[in-house]
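J.: With chain A fixed as given, assemble chain B onto it according to the hints.
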Amino acid sequence: MKIAVCIKQVPGTTQVEVDPETGTLKRDGVESKLNPYDLYALETALRLKEELGAEVVALTMGPPQAEAILREAFMMGADDAVLVSDRRFAGADVLATSYAISQALRAAGPFDLVICGRQTTDGDTAQVGAELAEFLGIPHVANVVRVVRANRAELTLVCDLPLELQTVALPLPALICVEKSIGEPRLPSYRLKLATAELPIRKLSLADLPDSDEKHYGLNGSPTQVIRIFPPETDGMRERWDGPAAEIARRLGEYLFTHKFLQQPR
Amino acid sequence: MARIVVNMANLTPERAREIVEICPFGAMEYVDGKIVINGSCRMCRLCLKRDTGGAVTFEDTPRTAVDKSKWRGIAVYAEISGGRLHPVSLELLGKARELAARVGHEVLAVLPGYRVGEAARELIAFGADRVFVYDAPALENFRIEPYAAAVEDFIRNNHPAVILAGGTPIGRTLAPRLAARFRTGLTADCTVLDIKENSDLEQIRPAFGGNIMAHINTPHHRPQFATVRYKIFALPEPVASPRGEIVECRIAPEKLESVIRVIDVEPKSPEVGIEEAEVIVAVGRGVRRAEDLEMFRRLASRLNGQLAGTRCLIENGWLDHRRQIGLSGRTVAPKLIICCGISGSVQFAAGMKGSERIVAINTDPAAPIFNLAHIGIVGDLYEIIPDLEKLIEKGGSL
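Read top to bottom, the protein sequences are chains A and B. Residue numbers for the first sequence follow the working numbering, so the first one is 2 and each next one is one higher. Residue numbers for the second sequence follow the working numbering, so the first one is 763 and each next one is one higher.
For reference, chain B alone in the conformation it holds in the complex:
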């Protein structure tokens, strides 16, 4: 048990007022000569970092430890999307290989679906040591109960230390359901993953709206769940001599029952997502009017690329939400991204910092985007872009 304790014996009225002041959330109330901690406490523990003469202390008793040696293997939830293996699963497999090599574990994949033999072979080609296939008609379309049942069965039989899932709509709905079922930890949208010798996963993710990074562990629970968004990790190379094994798994048919009935499945229009674009022109608050977007759309199409934007442009309805880059939008890693009038919040940066070349144009020389840009241009979009357009029309000679 961990808790913050106020020791009344060490409390003077002056000290009490100091402690009330320290708390940024107003959780410390001084009433009738006593300090009461109210529901506003966030356990930030700022009150413990100051010298209060022992008036505020932290009490902790060790938890029952899990036997970590019984949980082995770095597993990937292999996601079938539109009948095919989602590329994020291969990216995760590449990361799983790295992590597994560090601790001497196996690389595992769990693959629920219907007629997924080809996907299983692909996972082997990309370095899975064992692929656990749950192939059944009931798994043809994603529904939460049978999919959760299949992965639960895999976990109960194989005790993996780590399970990685894509930060896709399916991964984000399946992983938390299972984490709750096993009463264990789940860290969403990790951007960096590493592993300790004792198989504790080192997880780093943007937090608090994305301006701050948090380093997170799951020290007393197994398995450890983490989701990672598409395009955060690089697509690995296939292994030279794949030696993995496909394990066909059987599960009781009643476990695959679902109360949810799929009535219709309609493929979405094959529009190129911004995730697949090789060039992106991204716009932010520096764009003054919705009509001005046309200029950036033209530039994007000249570069054979896509137009994308920051959260604020999506929120005021100027751009479709599928074109949003950032923590609450898409993650992109194009060959070139030109950021126009974007300040560069960490929330945005989290969605694009894997880009090969980053060019940023902003009038504010102190904008954080310049810490990220390979080429930072201090200047006015409304002068530079029209000049650039004229130059492109003339074929590059000014």
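With the rest of the complex left out, here is chain A:
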């Protein structure tokens, strides 16, 4: 059984600013980390590996430095790692990103199961998983909160929909997107760090993909275009209260009673 886990390197902070002169992002010196939601995807894969015996492959698309998060996946217990990197993937939106990853999964696969985290902390779209499944031509289940049962042919899963918990049987091959409640991720192990330090990382560029037509990737393969980015606006209808706490509490209380958020006792 072969399981792929899709992971991403994200900025260590969400405090990004726009340069007021050029209208572009200021991201100098921002540290990077493994997208925290992906830890749960890795954990899910590693538990299935322990239960059923499987080969877990961590895969990421990003700059050469994204190798760091693949090393982290090794330290948690991944068996193999793939870095998909090419400047021609630059400027990809959801569609072009999903397409590139789906092509990389085809090149590195076939896989019985693909696991994604809920979302990334930088893109925040939570939509790459579903597009990936479509490009791979396999069914998918999102918002998975629990794996009830698993065998090599089928998973029984609980997914969290707005008003109900749905338990479904999902035959493999398939893709799932997991939530945080799937289980606490293990910490990277020092023993594995030493043991995997020399393990090679498989590198894929555009030329290695089944479809190597540049037009389908990066900015060129992206239907959406960012026209501009700008800092959020603010309006000026504001009141500012300052002063001793007791005085402020009195004004706040008065405000709450006046606007009927609190009822005067009779």
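Errors might be hidden in some of the hints.
Derived lysine to any residue pairs resembling SDA-like cross-links, with alpha carbons at most 20 angstroms apart [said to hold, decoys possible]:
id	chain 1	residue 1	chain 2	residue 2
1	B	811	A	228
2	B	1030	B	1074
3	A	50	A	204
4	B	832	B	954
5	B	958	A	229
6	B	1030	A	164
Listing some non-contacts, in silico: residues in chain A with all C-beta distances to chain B over 10 angstroms [unchecked claim]:
id	residue
7	111
8	189
9	199
10	208
Note that these hints are calculated values from the structure, not bench results. Note that the Cβ used here is the ideal one computed from N, Cα and C, for glycine as well.
T.: This is chain B only, laid out in the frame that chain A set:
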């Protein structure tokens, strides 16, 4: 094809070093007298905005244009959740009416489900011109393949210019699947939508973790998909004289087959979500200890409201994730929100700025939350809230 090109003829060693410096992602490497762009490039195009004496240029050739006149109609994916129409679908219908009026298109709704006649009539009452109903037992529970097949059928037969879906678990899984199927654009979690005369959707959403807004178009593809979260747009009024038409759609039964078997459906406990609360007390990093949350919970219950929090309180396990406000949590628009010790990142603001009255208490007078608050209080929570509690106990007289 669009790409960044380095013209070696215009490159001097000084200029090359300058260009390497410009790139915030370290994508420009200077090797053996040549500049190579590596996989770190994000196409931010900052290198093109500086004067490099023609050393870095942008090449673009026009794409094959889609015939936009063939794609007409502003469509809403009408979501059935727990057997009923999800209110986000009506909010989207209100927005679709606005957009459609601007470009002279029809307002369409696509409604897959089982026994959904009542929902179809509701959509008509709220102003849909045509509701395309896919009613079949196979659609009783949400499963990706048959639902995607139904909406795909609707798109192939009706060519809508725009499809809006709720940013709900179902909308966020169905819309991307279809966007990929039609090789078209999808913009998630839009907070502002407008439309150009040529039916290009103007989409604005928070980006990069939410501290920045991005204005996004889908200029060469149809249909254009956008998701919008619950409570971002206002619930519209029903139309005075609804004239819409219900279209019963048939689809080949094999298209509704799914390999996924639904074993059990368990309704969730009818706990009031923070989305429905009229009053919210929201807490952030200014709260020092988990035990202190009790004080805010008491205040919330005195105000008949709910306690909610920012991402950091959810991440350190102090609050259930269903109580998270923000881009990666819930969107709320209560009558009153009291933000306690919250700095007000755009990620948080995106989830609550539709609130009617915003009160913020923070010790830092420069906190961004004060740009949003109708009443900004510079002060210490740990003094103000206990004083307020005492005052409420005494019935308002201090």
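J.: Determine for every hint whether it applies to the structure shown.
T.: Do the hints match the structure? See the list:
In summary, the hint linking residue 811 of chain B to residue 228 of chain A is supported, as the alpha carbons are separated by about 15 angstroms, within the 20 angstroms threshold. Using a Cα cut-off of 20 angstroms, the hinted pair residue 1030 of chain B and residue 1074 of chain B is violated, with the two alpha carbons roughly 26 angstroms apart. Between residue 50 of chain A and residue 204 of chain A, the direct Cα distance comes to roughly 24 angstroms. Violation of the 20 angstroms bound is thereby established for this hinted pair. Restraint check for residue 832 of chain B and residue 954 of chain B: the C-alpha separation of about 25 angstroms exceeds 20 angstroms, so the hint is violated.
Distance restraint check for residue 958 of chain B and residue 229 of chain A: the Cα-Cα separation of roughly 16 angstroms lies within the 20 angstroms cut-off, and the hinted pair is therefore satisfied. For the given pair, residue 1030 of chain B sits about 6 angstroms from residue 164 of chain A by alpha-carbon distance, which is consistent with the 20 angstroms threshold. Every CB of chain B lies more than 10 angstroms from the CB of residue 111 of chain A, the least distance being 17 angstroms, so the non-interface label holds. With a cut of 10 angstroms on Cβ distances, residue 189 of chain A stays outside the contact zone with chain B, its closest approach being about 19 angstroms.
Its beta-carbon lying about 23 angstroms from the closest one in chain B, residue 199 of chain A satisfies the requirement of being farther than 10 angstroms from that chain. With a least CB separation of 13 angstroms from chain B, residue 208 of chain A remains clear of the 10 angstroms interface cut-off, as annotated.
Hint compliance for this structure: hints 2, 3, 4 are broken, all remaining hints hold.
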